[in-house]
Amino acid sequence: MLIAVTSLTLIATCLGLILGIAARRFHVEPPELVSELEAMLPGSQCGQCGFPGCNGAAEALADGLAPVTLCPPGGPALALALADKLGVQVELGAMGEREPTIAAVREDICIGCTKCFKECPTDAIHGAMKQMHSVMKEACTGCGKCAEICPTEAVTLVPVAATLGNWRWREPAFA
Amino acid sequence: MIGNHSLERLRPTIPFQAAMLALTVMLASAALGLADRATRQPIADAVAADTRTSLAQVLPTDSYDNDPTDDVIDARDGDVPVAVHVARKGGVPTAVVIATRARGYGGEIGLVVGISRGERVLGVRITRHAETPGLGDKIEIAKSDWVTSFAGRHLADPEPAKWAVRKDGGAFDQFAGATITPRAVVAAVKRSLELYRREHATWFALRKPS
Amino acid sequence: MSEVLILLLSTALVNNVVLVKFLGLCPFLGVSRKLDAAIGMGLATTFVLTLASAASWMLEQWLLEPFGLGYLRIVSFILVIAAAVQFVELAMRKFSPELHQVLGIYLPLITTNCAVLGVALLNVQQGSDFLHALLYGLGSAAGFTLVMAMFAGVRERLELAAVPASFSGAPIALITAGLLSLAFMGFSGLRLD
Amino acid sequence: MGFRDLIADFKLQWGVHPDGHKSLTSERPIESMPLPERLVLPLAQHIGAPARPVVAPGERVLRGQRLAEPVGMVSSAVHAPTSGRIADIGDYPVPHPSGLAAAALVLLPDGLDEPVAFEPCEDPHSLEADEIARRVAAGGVVGLGGATFPAAVKLGLGKRNPVHTLLLNGGECEPYLSCDDRTMRERPQAVVDGARLMARALGAQAVVIGIERNKPAAIAAVQLAASGHPEVSVRALPVRYPMGSEKQLVAYLTGVEVPAGGLSAEVGVVVHNVGTAAEVSRVLRTGEPLTHRALTVSGAAISRPANLRVAIGTSVADIIAHCGGVRRDVARYVMGGPMMGMLLPGTDVPVVKGSSGVLSLTSEEAGGGSASACIRCARCAGVCPIGLQPFEMAARIRAGRAEAAVDLGLKDCIGCGSCAYTCPAKIPLSHYFSYAKGSLAAAERSRLKNESIKKLTAARSERLAREAREKAEAAARRKAEREAAKRRAAEAAAGEAAEERREVPQVSA
Amino acid sequence: MSDYRKILRDGLWDNNMIAGQLLAMCPAMAVTASATNGLGMGLATTAVLVASNTLVSSVRHLVPSAVRIPIFIVLIASLVTLVDLSLNAWLHELYKVLGLFIALIVVNCGILGRAESFASKSKLAHSAVDGLAMGIGFTLMMVAIGAVREVLGSGTLFAQASLLLGPAFAFLELKLFDGGALLMVLPPGGFLVLGGLLAAKRALEAGRQRRGVVVAQSA
Amino acid sequence: MTTPVHAPHAHDGGSVGRVMRLVMLALLPVTLWGFYLFGWPAIWLWLITVGSAMLFELVCLRVSGRGGPTILRDGSAALAGWLLALTLPPWSPWWIAVIGSFVAICIAKHAYGGLGQNPFNPAMVARVALLISFPLEMTQWVAPAPLFSGTGPDAIEALERLLFSSPIPDALTSATLLGHVKTEASRGVDLLASVPSFGAAAADGIGRHAGSIGETGSWLILAGGLFLISRRVIGWHVPVAVLAGLCVPAMLAHGLDPAHHLSARHHLFAGAAMLGAFFIATDLVTSPATVTGRLLYGLAIGFLSWVIRSFAGFPEGFAFAVLLMNACVPIIDRFTRPRIYGHGATDGRAA
Ligand SMILES: Cc1cc2nc3c(=O)[nH]c(=O)nc-3n(C[C@H](O)[C@H](O)[C@H](O)COP(=O)(O)O)c2cc1C
Ligand SMILES: Cc1cc2nc3c(=O)[nH]c(=O)nc-3n(C[C@H](O)[C@H](O)[C@H](O)COP(=O)(O)O)c2cc1C
Ligand SMILES: Cc1cc2nc3c(=O)[nH]c(=O)nc-3n(C[C@H](O)[C@H](O)[C@H](O)COP(=O)(O)O)c2cc1C
Ligand SMILES: Cc1cc2nc3c(=O)[nH]c(=O)nc-3n(C[C@H](O)[C@H](O)[C@H](O)CO)c2cc1C
Ligand code: SF4
Ligand code: SF4
Ligand code: SF4
Ligand code: SF4
Ligand code: FES
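Protein chains in written order, with this note's numbering: chain V, 1 to 175; chain F, 1 to 210; chain A, 1 to 193; chain H, 1 to 509; chain W, 1 to 219; chain L, 1 to 351.
One thing to keep in mind: the hints can contain errors.
For each label pair, taking beta carbons as the anchor points, the in silico distance ranges come out as [what the hints assert, rightly or not]:
(1) 130(A) with 24(V): 45 to 51 Å
(2) 88(H) with 131(V): 32 to 38 Å
(3) 85(V) with 455(H): 17 to 23 Å
(4) 6(V) with 86(W): 53 to 59 Å
(5) 142(F) with 130(A): 39 to 45 Å
(6) 37(H) with 153(V): 45 to 51 Å
Non-contacting residues of chain H with respect to chain L, defined by C-beta distances greater than 10 Å in every case (computed) [stated by the list, open to error]:
(7) 134
(8) 186
(9) 366
(10) 466
Heads up, simulated DMTMM-like pairs for lysine to aspartate or glutamate below, C-alpha to C-alpha not over 20 Å straight-line [said to hold, decoys possible]:
(11) 96(W) with 140(F)
(12) 455(H) with 36(V)
(13) 143(F) with 93(W)
(14) 454(H) with 38(V)
(15) 85(V) with 407(H)
(16) 471(H) with 84(V)
(17) 167(F) with 257(L)
(18) 85(V) with 403(H)
(19) 96(W) with 71(F)
(20) 182(L) with 168(F)
(21) 137(V) with 444(H)
(22) 137(V) with 451(H)
No lab work stands behind these hints: they were computed from the structure.
On a predicted model such as this, the values are computed, not experimentally measured, just so you know.
Beta carbons: idealized from backbone N, C-alpha and C, even for Gly.
Modelling step: build the complete structure from the supplied sequences, incorporating the hints.
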């Protein structure tokens with residue numbers, strides 16, 4: 001009995017010491033995953049992911065609470081990059097191959113209130129007070145904030161026009 | 001008790017960690033030591049009771065007045081170690097129970113063979129086995145009464161060549177789809193009878209060291 | 001030499017720890033989605049298993065057996081195993097973060113990988129000598145790694161298969177494990193001597 | 001067929017043997033098709049940037065006049081096939097699987113066929129290499145083998161890499177097509193001449209003309225034409241698809257593989273189509289640009305299969321009408337060959353420089369039927385000329401993992417369609433690969449866009465911060481102003497205030 | 001209160017040790033050749049689980065993280081040894097049925113998993129209830145697997161239940177038919193049956209979800 | 001806008017159904033021979049197995065919503081059932097056939113998503129599952145009782161015995177060679193005595209001995225296999241490798257110790273080696289996709305069969321060997337990927 005208690009206690013003490021020292025010796029800082037993830041996100045803070053901006057999205061991603069396909073502006077490319085970073089599999093199907101859209105301003109209705117101009121996270125809308133506003137195709141992410149805020153519903157989201165340049169084969173239908 | 005605050009400070013230190021582990025192990029081993037002490041006797045009793053029950057199954061109740069569990073001789077059957085329990089009535093050996101082993105399909109089969117002074121099988125029971133459920137486990141009395149087919153047999157009944165399963169031209173049934181297990185049991189019973197014939201004189205000559 | 005080989009083969013194939021002895025199933029199912037991870041896990045387990053076999057043999061021979069402390073067997077074995085695993089984990093995190101990321105939460109679970117304690121206990125039960133204990137650990141670990149790799153290979157392929165929704169993931173993995181174990185039954189009764 | 005060829009043939013593992021259907025047209029000489037009433041000339045008939053129009057709607061143009069000029073390094077000019085009036089410059093249906101319209105010039109011929117003044121060359125073999133390339137470029141010549149790479153750009157490759165051999169591709173391994181065959185039989189001198197000129201431009205010492213063994217007459221004709229030129233040799237090729245693919249041709253004829261993602265020039269070889277060679281010879285000798293091409297009109301549904309020389313811009317409908325229309329139900333109109341050609345959404349599209357055939361296929365010819373699951377027979381892998389495993393790639397693409405398919409060599413796929421042709425499960429394998437390549441390109445575009453968006457967002461936050469700062473400053477300024485005004489109001493008269501207010505900014509700044 | 005409801009739901013269904021987390025697979029495969037064995041193992045495991053969760057939760061503030069796993073596992077191992085010794089001494093018949101499997105409880109990774117992921121972070125009462133819920137969920141799955149394997153494999157149900165639970169439970173023992181597919185009581189059968197059960201669980205949930213959607217739409 | 005159709009606009013006309021029908025055609029001779037040898041029970045058993053396989057296929061397709069009977073025409077289910085039937089003891093009861101079909105089609109095939117998705121050979125999964133589940137029924141062999149010879153039951157009698165699972169009269173039972181020598185060996189009788197006591201029929205390849213319906217007519221199997229190779233349905237690699245993997249070690253061991261190791265000839269003709277090599281190991285879905293891979297796979301199957309036959313508890317190990325190697329196929333495929341044109345060696349190596 002005594003032997004049992006002492007010998008095991010002795011072993012445990014040694015192991016405890018070794019582990020304690022090892023824990024200290026081999027200590028590594030946890031990687032700044034959240035900030036790295038945030039840096040990968042578009043940073044347009046558009047909220048389409050359902051989180052309060054990219055930071056929230058990054059935290060949710062780091063905690064595994066959100067799928068890597070969460071960010072529509074980022075598109076499949078971002079999803080793949082995130083999946084790679086987090087070491088998970090992506091179901092790109094989940095991105096739903098959403099038709100990409102961009103904002104378009106209807107000249108006849110736009111009153112030039114500049115609300116959309118102020119709202120746009122990427123400065124894709126140009127225009128001045130009381131003047132027709134217009135959308136820069138290259139900068140618009142199709143987030144729809146402008147359409148939401150426009151008092152006259154002059155801004156609508158329209159599918160990006162198909163051209164020979166951006167046309168591509170669709171996935172073959174399969175049984 | 002240590003205050004929460006000082007605990008926070010202590011926790012990351014190495015000696016504290018080692019001490020905690022040691023403490024846990026100390027308490028655990030102490031608790032187990034006590035438990036071992038408390039259970040040692042009951043366990044021994046339970047095991048003995050077990051043996052007694054299985055011996056009782058292969059010995060007629062009126063054939064002994066000693067405790068064959070304790071009246072045991074360690075012997076060898078070839079390279080198989082066996083335990084020979086001697087049943088006595090009024091100090092006179094009336095029967096033995098040979099606890100032996102056979103090599104079955106799934107591993108070792110433990111069995112007890114009760115043998116009367118007249119070299120007849122009093123009974124056979126399986127004490128442990130790892131045969132396939134549904135196939136080889138029909139040697140258990142709980143599953144089938146196959147083992148009872150040994151009762152009353154002796155080395156001349158059936159004739160020695162027929163001490164085998166039917167498939168091998170013998171007198172004992174095998175189970176459908178499992179020949180290895182019964183073959184092993186039949187062989188072990190036969191070996192026990194032969195061992196008894198060879199050795200019983202020696203065994204009975206040994207006085208039980210009461 | 002050939003005896004060593006036979007022992008290794010029979011522990012790895014005939015009495016495969018995972019498929020026949022039913023030990024170490026959780027990592028078998030958990031870390032088998034990717035072939036690389038599975039092989040990594042197999043190697044980590046091999047290391048721990050061999051270490052544990054040796055350590056527990058020493059504990060048994062030099063402490064538990066001589067002093068009749070059989071009731072402390074489980075506690076002492078597991079203590080040593082747990083400490084070894086944790087040490088490996090800490091070291092791995094420092095020296096091979098990639099491997100650490102892949103093996104992730106499963107490293108601590110090697111502690112409770114039944115295979116490790118199971119093999120240590122079986123060694124004691126069989127009364128093996130030191131070399132046999134070591135070989136037994138090694139063979140078991142090789143068997144573990146082998147089936148992990150085969151299973152992971154099949155599972156990688158399943159990721160591409162049109163598995164029906166109610167079967168995809170864990171159910172089909174289990175069925176696959178079942179069929180793998182069915183295949184391994186072919187080795188039952190294998191005698192090389 | 002020499003011993004070496006025998007060995008080489010035996011070692012060839014890949015490829016398929018589709019029914020050639022060549023006899024439909026191979027004995028029909030190339031006939032000139034009369035000018036249609038309207039020509040539609042797309043600005044992008046080549047790989048690279050679309051050409052820029054240099055004429056205006058309403059303008060009268062002459063045959064051979066340059067209508068659009070090349071833009072940038074890789075581009076090609078467009079010339080008028082005849083004289084007439086430019087009716088419009090706008091979006092018109094072009095041969096493209098999407099059926100989308102793209103920028104094109106519409107030329108209404110006036111029937112006079114009045115040419116511009118050409119600049120013929122008596123002895124092009126005396127021209128400098130650069131001058132040959134310049135004239136080929138000026139002639140708007142692009143590869144006629146299908147890839148429509150501007151021929152002059154390829155002739156410049158000799159500058160960067162030493163090119164030792166020019167290979168002429170007379171494979172014409174696509175079923176039905178026989179226009180290259182006819183060209184070689186009818187204009188062997190032009191083929192050999194063009195090849196020698198291009199070899200000169202490239203600085204190549206040797207010309208090897210590879211012709212599939214199923215065109216014995218072409219082999220004989222070209223051999224005869226080449227007999228006076230020791231640097232030109234003719235080699236017979238085994239009959240299998242896609243023998244005419246550049247990489248396969250290079251490997252077969254030179255024993256060297258073109259490195260992945262690289263150009264054949266990196267191993268000292270440049271490949272041109274035989275038709276391209278014939279056109280180069282004509283362009284250099286007559287000075288007339290590329291405005292017509294030979295093509296095969298075939299398929300079981302066409303009334304009169306033929307080889308035609310047509311003005312580029314002629315509509316498919318006109319060509320079919322010229323060949324007597326169709327005599328059976330047409331399942332698919334295909335431009336090019338059946339293995340790689342594109343399905344035409346309609347017949348109202350023009351023929352372009354790269355069009356080698358117009359096929360009217362019945363449903364029996366087109367094959368098809370619904371796809372079933374892959375049975376992993378690996379036939380597709382067996383026939384792939386690149387050594388890919390199409391079923392593995394397709395499985396990954398279906399699972400949404402195009403990246404994984406890239407690891408298996410998706411980017412090396414030449415899109416030859418052999419795999420889909422032979423797949424018993426009728427899986428549209430090459431469609432999967434086009435789809436995946438498209439997705440990857442789109443992903444790349446979206447990645448680029450993301451990057452620029454990020455910059456824009458950063459710029460915006462900077463702007464917002466700046467504006468906030470300015471606002472705050474302005475507010476502070478106004479506050480100071482107000483206070484100053486108050487102070488002054490208390491002190492002085494109202495009339496002086498206007499002047500002093502202008503000074504305030506200077507004070508606060 | 002809803003805390004406890006969630007803990008219970010987790011243990012019994014959503015996050016069931018076997019069906020949800022795929023932990024504790026070894027006993028789930030090795031001991032379930034019959035429903036009775038499954039039940040016995042389940043009960044013994046539940047006992048250890050409740051005790052270990054309680055113990056771990058109560059010492060959680062004292063335990064430094066570097067040695068946390070060794071400490072937890074030593075606690076669990078001691079508990080298991082205690083159970084083992086006591087059963088052997090005082091419930092010997094039961095011990096003979098479960099004997100071999102009890103030592104296995106130590107390395108049942110579900111128990112350490114619970115200690116790590118729940119008990120070491122939660123207060124005492126929650127941990128105890130969690131242990132109970134997890135244990136019951138585990139037991140139910142064990143019985144389910146055992147029952148299916150036993151019925152298909154040997155045509156009986158709860159054979160030898162009276163040995164485990166006492167003669168009063170002899171009524172549970174059913175004999176449905178002779179023979180059966182031996183495969184089911186052998187190693188592969190365990191995997192196949194659990195795979196089938198999980199697929200059934202999936203189908204059930206999917207069906208419920210679909211019905212839920214339909215109801216929501218018609219409402 | 002119509003969806004564009006991608007090239008190629010031509011097809012060689014093959015189809016999955018055609019592949020399956022060719023395999024069935026190749027199986028026909030040996031099947032008919034099996035019918036002749038083992039009589040009406042074998043015919044009924046074949047019908048029930050194939051029928052129930054197709055029925056289960058239909059049910060699974062319906063349940064998974066993947067289209068109805070038209071897809072049955074691909075013939076894969078019928079073929080799987082057919083092959084399973086050929087590997088069963090000829091006089092097995094009906095439920096063996098039905099359970100076998102269920103395991104093959106519903107578990108081994110459709111749980112994985114149906115045709116082409118299954119990693120394990122369905123017929124072999126079913127055979128092994130049956131063997132292990134019902135060792136008694138699966139080792140009840142009969143001596144050939146040819147049709148019209150009057151030894152076997154007539155059509156009605158045969159159906160009755162199938163449906164009521166009547167035990168086979170002792171006079172008709174017979175062991176297979178492999179089973180016989182294994183039993184004898186377990187009693188300590190070596191091959192020098194046990195092989196001659198079995199009779200010569202086992203090694204002539206004609207098949208007038210006990211065995212499963214389709215495994216005994218070795219020459220007919222060979223003919224069917226060669227037909228498939230000539231039609232390019234299967235390559236030569238797997239069959240040749242399987243037979244080599246089995247025969248080479250068998251010859252070596254037999255040469256060294258004829259008392260304990262069967263000759264290569266017996267290994268070839270006595271069990272499932274022929275049927276397995278040409279029709280089972282060659283299953284496209286479950287075998288590797290590269291030439292190197294197929295050679296490796298075949299060699300390993302042959303070798304494992306020999307190991308299991310010679311050393312393990314079962315007399316025959318072909319099905320186990322196939323399943324074991326099925327599990328290795330993904331790894332084999334991964335490590336035997338062909339070199340891609342233009343990658344790696346670029347100098348002097350033609351495609
Ligand atoms: C899964 C499995 C379990 C088996 N279990 C036993 C067993 O418990 N006992 C036994 O004698 N044979 C067992 N066998 C062995 C075979 O059934 C063996 O072929 C048989 O014993 C030979 O006897 P037979 O001559 O009646 O066929 C088992 C076989 C298998 C496949
Ligand atoms: C699959 C495939 C098949 C081809 N077949 C031919 C062919 O038969 N004849 C041909 O001239 N070019 C063929 N090509 C195009 C050649 O690869 C190459 O681009 C062409 O010969 C270059 O000559 P050009 O630039 O003069 O067109 C094929 C390409 C591919 C990918
Ligand atoms: C393709 C094929 C595979 C087979 N695989 C096995 C097997 O793995 N195990 C087995 O016992 N029998 C298998 N059989 C049945 C045996 O080949 C057979 O009938 C043999 O001689 C065994 O009989 P026994 O078990 O009575 O010795 C297979 C049959 C075929 C046609
Ligand atoms: C050459 C060849 C061999 C086949 N062998 C088998 C076989 O052994 N077992 C089987 O179930 N199906 C076999 N099939 C049919 C088919 O591939 C099988 O049903 C699939 O495994 C089901 O996905 C075979 C098919 C072919 C073409
Ligand atoms: S959707 Fe994307 S860009 Fe928008 S807030 Fe979320 S993470 Fe940021
Ligand atoms: S949708 Fe509107 S707000 Fe959003 S990026 Fe485009 S223009 Fe800006
Ligand atoms: S299309 Fe691509 S994958 Fe298919 S055969 Fe041609 S090169 Fe190979
Ligand atoms: S040819 Fe078709 S069925 Fe065969 S492996 Fe390739 S994709 Fe699969
Ligand atoms: S219970 Fe999880 S590994 Fe054994």
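Structure-based check of each hint:
{"no.": "1", "hint": "130(A) with 24(V): 45 to 51 Å", "in the structure": "33 Å, violated"}
{"no.": "2", "hint": "88(H) with 131(V): 32 to 38 Å", "in the structure": "34 Å, holds"}
{"no.": "3", "hint": "85(V) with 455(H): 17 to 23 Å", "in the structure": "21 Å, holds"}
{"no.": "4", "hint": "6(V) with 86(W): 53 to 59 Å", "in the structure": "25 Å, violated"}
{"no.": "5", "hint": "142(F) with 130(A): 39 to 45 Å", "in the structure": "41 Å, holds"}
{"no.": "6", "hint": "37(H) with 153(V): 45 to 51 Å", "in the structure": "47 Å, holds"}
{"no.": "7", "hint": "134", "in the structure": "32 Å, holds"}
{"no.": "8", "hint": "186", "in the structure": "27 Å, holds"}
{"no.": "9", "hint": "366", "in the structure": "5 Å, violated"}
{"no.": "10", "hint": "466", "in the structure": "47 Å, holds"}
{"no.": "11", "hint": "96(W) with 140(F)", "in the structure": "15 Å, holds"}
{"no.": "12", "hint": "455(H) with 36(V)", "in the structure": "17 Å, holds"}
{"no.": "13", "hint": "143(F) with 93(W)", "in the structure": "18 Å, holds"}
{"no.": "14", "hint": "454(H) with 38(V)", "in the structure": "12 Å, holds"}
{"no.": "15", "hint": "85(V) with 407(H)", "in the structure": "18 Å, holds"}
{"no.": "16", "hint": "471(H) with 84(V)", "in the structure": "43 Å, violated"}
{"no.": "17", "hint": "167(F) with 257(L)", "in the structure": "27 Å, violated"}
{"no.": "18", "hint": "85(V) with 403(H)", "in the structure": "14 Å, holds"}
{"no.": "19", "hint": "96(W) with 71(F)", "in the structure": "24 Å, violated"}
{"no.": "20", "hint": "182(L) with 168(F)", "in the structure": "13 Å, holds"}
{"no.": "21", "hint": "137(V) with 444(H)", "in the structure": "17 Å, holds"}
{"no.": "22", "hint": "137(V) with 451(H)", "in the structure": "15 Å, holds"}
In this structure, the earlier hints numbered 1, 4, 9, 16, 17, 19 are contradicted, and the remaining ones agree with it.
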